[in-house]
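**Student:** Please work from the sequences and hints to get the whole structure.
Below, each chain spelled out in residue letters.
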Amino acid sequence: LAKTTQPISMDSYEGQEVNITCSHNNIATNDYITWYQQFPSQGPRFIIQGYKTKVTNEVASLFIPADRKSSTLSLPRVSLSDTAVYYCLVGRILTGGGNKLTFGTGTQLKVEL
Amino acid sequence: SQTIHQWPATLVQPVGSPLSLECTVEGTSNPNLYWYRQAAGRGLQLLFYSVGIGQISSEVPQNLSASRPQDRQFILSSKKLLLSDSGFYLCACPRTGGNTEAFFGQGTRLTVV
Chain W
1 LAKTTQPISM DSYEGQEVNI TCSHNNIATN DYITWYQQFP SQGPRFIIQG
51 YKTKVTNEVA SLFIPADRKS STLSLPRVSL SDTAVYYCLV GRILTGGGNK
101 LTFGTGTQLK VEL
Chain F
1 SQTIHQWPAT LVQPVGSPLS LECTVEGTSN PNLYWYRQAA GRGLQLLFYS
51 VGIGQISSEV PQNLSASRPQ DRQFILSSKK LLLSDSGFYL CACPRTGGNT
101 EAFFGQGTRL TVV
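These protein sequence lines map, in sequence, to chains W and F.
Going by the numbering used here, the final residue of the first sequence carries number 113, and the count climbs one at a time with no gaps.
Going by the numbering used here, the final residue of the second sequence carries number 113, and the count climbs one at a time with no gaps.
By construction, these hints were calculated from the structure, which means they are not laboratory data.
Hints are not guaranteed to be accurate.
Looking from chain F toward chain W, a few residues come up when the C-beta cut is under 8 Å (computed) [unchecked claim]:
{"id": "1", "residue": "Arg42"}
{"id": "2", "residue": "Ser86"}
{"id": "3", "residue": "Ala102"}
{"id": "4", "residue": "Phe104"}
{"id": "5", "residue": "Gly105"}
Distance windows between CB atoms, simulated [claimed, not checked]:
{"id": "6", "chain 1": "W", "residue 1": "Lys110", "chain 2": "F", "residue 2": "Gln2", "range": "26 to 34 Å"}
{"id": "7", "chain 1": "W", "residue 1": "Lys110", "chain 2": "F", "residue 2": "Ala9", "range": "22 to 30 Å"}
{"id": "8", "chain 1": "F", "residue 1": "Val60", "chain 2": "W", "residue 2": "Val59", "range": "29 to 37 Å"}
{"id": "9", "chain 1": "W", "residue 1": "Ala66", "chain 2": "F", "residue 2": "Val12", "range": "48 to 56 Å"}
{"id": "10", "chain 1": "W", "residue 1": "Pro76", "chain 2": "F", "residue 2": "Gly41", "range": "27 to 35 Å"}
{"id": "11", "chain 1": "F", "residue 1": "Glu22", "chain 2": "W", "residue 2": "Ser41", "range": "12 to 20 Å"}
{"id": "12", "chain 1": "F", "residue 1": "Arg109", "chain 2": "W", "residue 2": "Val59", "range": "22 to 30 Å"}
Since this is a predicted model, take the numbers as computed values, not measurements.
Ideal Cβ positions, reconstructed from N, Cα and C, are used throughout, including at glycine.
**Tutor:** Set out below in structure tokens:
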């Protein structure tokens with residue numbers, strides 16, 4: 001599975017938009033790009049998934065360029081509660097269902113007042 | 001949606017002692033199940049995954065083993081713990097529907113002393 005590279009940490013302030021970019025140069029044709037959020041001592045929580053172009057849900061937007069070698073997670077108007085580690089990963093849906101997810105080290109986002 | 005139960009939440013074990021962590025899943029049948037480990041300040045490492053009863057795939061060589069005695073039960077074991085086995089252990093299950101969204105349990109914090 002493709003390796004991902006993302007910044008180790010980012011700082012922001014409440015109310016700002018935060019964009020976290022991830023590179024995945026070796027992404028394969030049948031790989032999806034997925035982002036998870038993790039709070040300390042909890043399991044990761046799914047945020048958003050995309051294959052190409054732009055995907056938006058009630059929490060975030062995901063921008064994927066045509067070559068799919070990178071992606072950007074956009075969090076609008078962050079709050080203190082968005083302080084967490086954000087993981088970018090590529091996942092492949094396995095034949096018969098399920099997936100195989102490879103996590104990197106993630107980006108520690110710190111939101112301040 | 002699926003719910004994953006893991007226990008215990010925390011565990012302190014001496015070096016050389018055995019280990020048994022249990023994970024059970026509700027809300028689905030015949031799920032793929034995964035064990036991840038997260039060392040302090042690190043990303044998640046996939047240890048084992050299972051596509052069915054008695055079917056286990058190991059992702060990395062290690063001191064641990066996994067078993068799937070029932071459809072919705074996944075067990076992580078060790079005969080003799082090492083200091084390096086300390087970490088945060090997470091059980092996961094993909095969302096029914098075959099995308100790259102996965103549900104994670106609350107995790108077990110294992111400290112080997």
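**Student:** Which hints, by number, does the structure contradict?
**Tutor:** 2
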